[in-house]
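S.K.: Next come the chains, spelled out residue by residue.
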Amino acid sequence: MAVAGLALLIFVFLVYESWPLLSKVEISRFFNDAGWHPTEQEFNLLPMIVGTLLTAIGALIIAAPLSIASAIFCQFYAPPIIAKLYTSIIELLSGIPSVVFGLWGLVVLVPIVASWEGPGTSLLAGILVLSIMILPTGALLAGTALGKIPSSWREGAAALGLSRWAMVKSIALPTAKSGLLNALILQTGRAIGETMAVLMVCGNIVAIPDSLFAPVRTLSANIALEMAYAMGDHRAALYVSGLVLLSLVAALLMFSRPMREVSYRV
Amino acid sequence: MRQPVIWLCEKLGLTLAISAGLVACGGDDNAQRLQITGSSTIAPLLVELAKSYEQEHPNTRIDVQTGGSARGIADSRQGLADIGMVSRDLKSQEQDLIAHPLARDGIAMILHKNNSVSELTEQQIVSIYTGETKSWSELGPGDGMISVVSKAEGRSTLELFLSYFKLKSSDIKAHSIIGDNEQAIKTVLANPRAIAYVSIGTAEYSVEQGVSIRLLANETVEASTENVANRSFPLSRTLNLVTLNKPTGLAADFIAFAQSPAAYPLIERQYFVPL
Amino acid sequence: MYRVVVSYMNSLAIKGVPRTSADNMARIILSLSILCVVAVFVWLTSDVLLSGWQGLSVNFLTGSTIDSGRAGGIAPILVSTLAVVGICLSVALPLGLAVAVWLSEFSVTERGLTVAVWLRRLIHLLAGVPSIVIGLFGYVFFCQIMGLGYSLLAGGLSLACMILPLLISTMEDSFRSTPMNIRQAAAALAISEVGFITKVLIPLSAPALSAATILSLGRALAETAVLLFTSGYVTRMPDSISDPGRVLSVHIFDLSMNVTGGDQNAYSSALVLLFLLFILNSLSKVILARVKIKL
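Residue numbers (this note's numbering), protein chains in the order written: chain A, 1 to 266; chain B, 1001 to 1275; chain C, 2001 to 2295.
Source of the hints: derived by calculation from the structure; they are not laboratory data. Note that CB positions come from ideal geometry on N, CA and C, so glycine has one too. Errors might be hidden in some of the hints.
Stated by the list, open to error - Partial selection, computed: residues in chain C whose CB lies under 8 Å from chain B:
{"hint": "1", "residue": "Leu-2148"}
{"hint": "2", "residue": "Tyr-2150"}
{"hint": "3", "residue": "Thr-2235"}
{"hint": "4", "residue": "Pro-2244"}
{"hint": "5", "residue": "Val-2259"}
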């Protein structure tokens, strides 16, 4: 129950710190102000909310299929040696600090994007780096989920004359659905909450991006960027953005609920 | 509950044993302690100063933590830190604290080495940063959209930049916003059409290391730590240590050390300018 | 070239299982995806490897930090990192395991079910909290309210907050997917609840437990923002777990973003971190294999 208490505590903490501002300013200002200039009393969070959603969704579009693909490959197609090697690679990838990803993104990816168009530090760079970051988590978890299929079922499928792919499609994937969804949710959580790497490659301009090459700022990068030097109202505004972030996650979870209502005892 | 518990215990025991084995037991409770928090710009310098001081004065422990200038001010006020690090001058609402100047630092514009523009007037800089001038072709040879790099709100470098060029934060139309100095340099390196402003010391060091950036002079004054030292370079700031009350004991001694000539070589190693 | 491809495709085949065109398509797409991932990995690590290799030496691993990290070594930092990770795992693993078991085995009553549903939601919510918010929360809660100050202990506890959702979700899901016939067999044999959990459920889920642990290890070593605010910035060798200490990820961050001229050592530290991760991962697998053999 400590865990529930923990999540609630964090929520309370955020509310407590944002209260000074929330009590002064109406909620609509967080969506309608001219821009994000907290030192000048402007608190529009909308562009950053859009930035967060776009980077996360973009990264998921790339990483989720790739994770599931690697998991399927490892579990069902690869010779054991390759599977082991590949899994070790993924495990190592999962431990690389976000700073290193961000650094690599800034030093390697951004110049490449810059040579195509624009400032380089952009939505595209952010999506690419973020997808590489959430891929290992998803791949490992999806692999675990798919690995739980009893081998008797796989043998049964072969006995029935199903091809490998047919077996994967009609037996493995549906059975592992809850595990795969779990992987997806955790990936999403990581994507939304990722701070450091996004900070380094996204450009951090508070504006709704008009193209893939335009810079964006996400809510978590915003907190990291400004918290160190923020005082008074500015600080409270940052905590408000933290609350908004939590609500975003909660909203995403609620939307995915219908998909997750699987029966829990097989 | 035997096997899983055993597994867990083995795993945990192993990690704990490694760390416990390497860590001596017990701390030195007789040591005099000092807690310093604040600006991440000054933190590396303070770590070196603290280390040097501890070597001269055994039985002292000085802990330096980061968290930003705002944290430095808040913690000194609340007594969570003995000394705060603030990378700018104290504002009017912060006069309850006492500032002890530590070093100076200048701010210069940098461009990528491949950029053919070699100098910019203050007018031009203002028009670039407010978005009036959009392309390099308006300023000389070379073409492409200018990528304006600026610092995040609340940072002292930004505030100095704004007050010197008499701009407001909302006037700046940037394409990239960065946090720390090194990030600015790396962002300019990644995009030859970018322009940014950084601490002079940081930029000088990078140029010495062969990094492909170029410092721009401020009208006629060369951007160099020398010129910050002799006060001829206009865009500069003071790095301060702050305390709530007049410092006593260990704090006073340490601050005196930090402001003394003995500290100059350490300050210069971090590419700041001693006072 | 064509023959290489054909023999590769044949090697993926299993005797007796028919191959359809959809099957072949699947193989091609999957193999390509894998190649993409591996390519990116090689790209990234070769960069780190090449840049970081030069800075490595025995002195680097055993010496103390000099000149803000631009010279000297990272020994105090390694010790701090191991201590923080150790604390984190020793808190999070048992707690996570307990909660996961409760969620999957004991929440069958009406009231239990509602609590479980809400608990699960909260856990998923926790998974989405950005690392920096946990860092700030950790600073206020563990360092100030609980009076731990900047310390390895506070860092380890905050890190545990970060990895708990991962651990709990994965373990619970794995427990829940234990096939029904095993549960029925256990019931038929009249094994007690506790016996079932310890001798059947947990060992059967060992692969998932291992994956969860390794993922958490990876995450723990990689976290920067959380530890910057809780275990601190100090580069001194810590004397005890109530001392502050800088961890490896924070060191890499400081060297690459804050300290001029720190790049070389940043890459070398990153390389060391990768080695450390590799060693810890291998250790986990070895221990796990021994548990499975005991079965």
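S.K.: Taking the hints in turn, state whether each one holds.
M.R.: Tested hints:
no., hint, verdict
1, Leu-2148, "violated, 13 Å"
2, Tyr-2150, "holds, 6 Å"
3, Thr-2235, "holds, 6 Å"
4, Pro-2244, "holds, 6 Å"
5, Val-2259, "holds, 5 Å"
The structure does not agree with numbered hint 1 stated previously, though it agrees with all others.
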